[in-house]
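Residues per chain, in single letters:
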Amino acid sequence: MLNRIIAIDCSPPVINVLNDFLGDTITLESLSFKNIRELKDCRMIILQEGDEKPDLLKQIRKLRYACHFRNIPIIVFRTMENKGSMEPFITAGATEVISLQDPPAAIRQILSGHLIPNRQPLKEETEYIDSFVKNTCAVLKTVASLDVSFEEVYFDNDFKIFGDVSGLIALTGGAEGILGITFYWPLAQTIIARMMGTDEDKINAELIHDGVAEIVNMIGGTTKKDFVGQPYHFEISLPSVIVGSGHQLGHSDKMPIAVLVFRADSQYFAVQICLKPDPNGKTNGK
Amino acid sequence: MKVIIADDSKVMRNIIQNAMRPMGTEIIQAGSGQEVFEQLEIHGGKVGAIFMDWNMPGMTGLECLKLLKKNEKYKDIPVLMISTESEDDKVSIAREAGAKGYLTKPFTNEELIKFINSSI
Chain Y
1 MLNRIIAIDC SPPVINVLND FLGDTITLES LSFKNIRELK DCRMIILQEG DEKPDLLKQI
61 RKLRYACHFR NIPIIVFRTM ENKGSMEPFI TAGATEVISL QDPPAAIRQI LSGHLIPNRQ
121 PLKEETEYID SFVKNTCAVL KTVASLDVSF EEVYFDNDFK IFGDVSGLIA LTGGAEGILG
181 ITFYWPLAQT IIARMMGTDE DKINAELIHD GVAEIVNMIG GTTKKDFVGQ PYHFEISLPS
241 VIVGSGHQLG HSDKMPIAVL VFRADSQYFA VQICLKPDPN GKTNGK
Chain W
1001 MKVIIADDSK VMRNIIQNAM RPMGTEIIQA GSGQEVFEQL EIHGGKVGAI FMDWNMPGMT
1061 GLECLKLLKK NEKYKDIPVL MISTESEDDK VSIAREAGAK GYLTKPFTNE ELIKFINSSI
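Quick mapping for you: the protein sequence lines, in order, are chains Y and W. Mapping of the first sequence onto this note's numbering: position 249 corresponds to residue 249, and the numbering continues sequentially without gaps. Mapping of the second sequence onto this note's numbering: position 99 corresponds to residue 1099, and the numbering continues sequentially without gaps.
In isolation and in its complexed conformation, chain Y is listed as follows (with noise of 0.2 Å):
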C-alpha cells in the first residue's frame, strides 16, 4: 500500500501545512536528502526551495531518476512569492511547483489532486497489454540475450515519462494508437552493444538513436502479428526518437495510456502503449 509522504529538508511551516492536510492514513516522512533510501512505497516526494538549497535541482532530477518511470509526484514548495521562473523546477522532474503563501484550501486542493489513484484499466486495455509484455521481454532476450522481468503497470494519462532516449511508432491501419519505449542512457547503451556484440564504450549517441529505433519497431512488428483477425490488429509506421537527458514525454489527455515498467538487472525501462481497437472489429487487409 503506498501510503507514505516523504518531505525532504522541509522548514517547519511547509511540515506544518502537510500534517493540517493529510488523514491518518497517510504517513509523512520527513527526511534529509541524503538519508532517502528506497522511494518504491512513497506516495508523493515534498521539496522546498530555499536560498541555502543550490543543489535543490539536481535534487529533483536525482529524484526523478530514482523513482524508475513510476509515477511519483514531486511537489516544490516556494516559500516567497514572485521569486523566479518555475520552469527550471518543472524541467528538472518536479510535477508541481506550490507557493506557501497561497490560502491553505487552495494547496490542500493541488496536493490532493495528486493522490488521486491512477485509472482502472480499459476493458481492451486488458485484453491487449499481455502481448505487449510478452514480445517486450522477448525482443530484448532475442536481440541482447537480456533477462528482462515486467514490473508494473499502471494508468494515468496525465504522468509524463521522465527518460533520455525514447523511441516512438504510431500504431495505423486497423486499430491505432501510440506504442513507445523510454530508457535512461546506461541501460539503452548496454542493450544496443549487447545487440551488437561490442563493447558499450564504443556505442555513440548515433547507434544509440538508430537502436533504439529498432527495438520500438521489433516490438510492434511482433506484437501485431499477435492480433492478426482481432480488432486490435494494426501496421506499424517508421520510428521517431527522441533523446535529450531528463526529456519528458506527454500524450494527450484524450488517450488512454497504460505505462509499462520494466528491468533489467537494476536497470528498468518504460513501454507506453495506447490503442484503440479498430470500429468495425476487423482488420484493415492490408
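Since the hints were made in silico from the structure, they are not lab data. Some hints here could point you the wrong way.
Unchecked claim - Short, incomplete list of chain Y residues facing chain W, as computed with Cβ under 7 Å:
hint, residue
1, Thr-142
2, Val-143
3, Asp-147
4, Ala-193
5, Met-196
6, Asp-199
7, Gly-211
8, Met-218
9, Leu-238
If you're wondering where the values come from, they're calculated on a predicted model, not measured in any experiment. Note that the Cβ used here is the ideal one computed from N, Cα and C, for glycine as well.
Please build the complex by placing chain W on the supplied structure of chain Y, with the hints as guidance.
Frame of chain Y, contents of chain W only:
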C-alpha cells in the same frame, strides 16, 4: 561476392554485416530502396544478393523488390527480406513479389547466420 544490405537502421546493417564477415563477402550498405539502385549502378549490377528490410523511408523494401524484379538488369539478383513484418500474409506478399527468402526480426545471431548460409 558482393552483397547489398538495405536497412534504414545502421545498427541492423552492422549486425548483418558482422554476421557475414567470416564469409569474406564484400558488403555494400544501403539505407533505402533508392540507395539500392544507386549502389547497383555504381557496382554495375554485379551483386550476389540483396538483404532487404521492408519498412524504410522513401522507397520501401517491397517497392524496391518489385522494381528489381521488373528490371532486366537486376531481376536475377536474389533478394532476401529481413523484416519486422511477420504476419503470414506479409511473407506471402514478399514471396509472390519475388523474394527468395524471408527472415523476421527479431532474430538471434545463430538464426541470422543460418539464414545467410541457406540463402547465398
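Hints the structure fails to honour: 3, 4, 6
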